[in-house]
Amino acid sequence: MSAPASHDTYVMEHDHRKLGIWIFLASEVMFFGAVIATFVVFRGRSTSGPDPREVLTLLVPTIMTLVLLTSSVTMVMALQAIQGGNRTRMWQYLVATCILGLVFLGLKATEYTHLFSDGITPSANIFGSVYFLTTGLHAAHVIVGIIWILAVVAKALRGGFSAENYLPVEMAGLYWHFVDLIWVAIFMVVYLTDQLKFM
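Residue 53 in numbering that gives the first Met the number 0 sits at position 54 of the sequence shown; the count goes up by one each step and never skips.
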């Protein structure tokens with residue numbers, strides 16, 4: 000009689016934790032919705048400094064998008080690996096996801112350096128303020144995601160997951176996919192809508 004009760008407790012905890020992450024992600028969607036809306040409202044109100052369309056390009060952001068989309072694939076493969084009982088393959092895919100996240104951040108740093116050299120800074124004009132606010136907040140979320148996944152990797156290396164117990168991997172994956180989707184939205188709004196030059 001005690002086994003079913005233990006199982007029921009596990010299922011309830013499982014459901015509560017998944018509900019919690021979904022509520023958290025819903026609040027994050029509203030947060031980024033407000034940030035992106037602010038960008039849309041103010042992006043065309045630069046009163047000084049270089050024209051963003053003369054400075055921003057599509058090449059680096061496109062590569063960054065491909066990198067993050069690839070990281071979503073490795074995250075899915077990590078979850079599938081542990082669901083199949085393959086712990087080693089799981090943490091390998093998780094590490095690959097972190098590496099891709101770091102590549103994304105490196106490319107973002109490269110883009111920021113280029114923009115600073117061309118006079119686009121947070122204080123240069125209104126566009127600079129909303130651009131760095133939007134992309135900087137996203138980059139901060141990428142950093143949080145990498146730290147989260149590394150914590151999952153650390154637990155995985157201690158044998159903390161199995162084919163029956165992988166919820167933390169799934170939750171980290173949900174957050175990472177959210178971060179990727181937010182970047183796709185930012186990519187379309189910040190870069191594509193102004194038909195920037197590809198160079």
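Think of the hints as simulated: they come from the structure by calculation, not from any bench. Check before you lean on any hint, since a few could be wrong.
[Claimed, not checked] Per label pair, the in silico range of CB-to-CB distance: (1) 159 / 36: 39 to 49 Å; (2) 125 / 94: 32 to 42 Å; (3) 37 / 154: 36 to 46 Å; (4) 183 / 41: 20 to 30 Å.
Note that CB positions come from ideal geometry on N, CA and C, so glycine has one too.
query = Do the Cβ positions of residue 125 and residue 94 conform to the proposed distance bound of 32 to 42 Å?
reply = Given range 32 to 42 Å: holds, Cβ gap about 40 Å.
request  = Could you see if the CB distance from residue 37 to residue 154 stays within 36 to 46 Å?
outcome  = Distance hint for residue 37, residue 154 holds at roughly 37 Å.
message = Can you tell me whether the CB distance of residue 183 to residue 41 sits inside 20 to 30 Å?
response = Hint holds: Cβ distance 21 Å, inside 20 to 30 Å.
message = Assuming the hint says 39 to 49 Å, is it satisfied by the Cβ distance from residue 159 to residue 36 or not?
response = holds, 40 Å
Violated hints for the displayed structure: none, as all numbered hints are satisfied.
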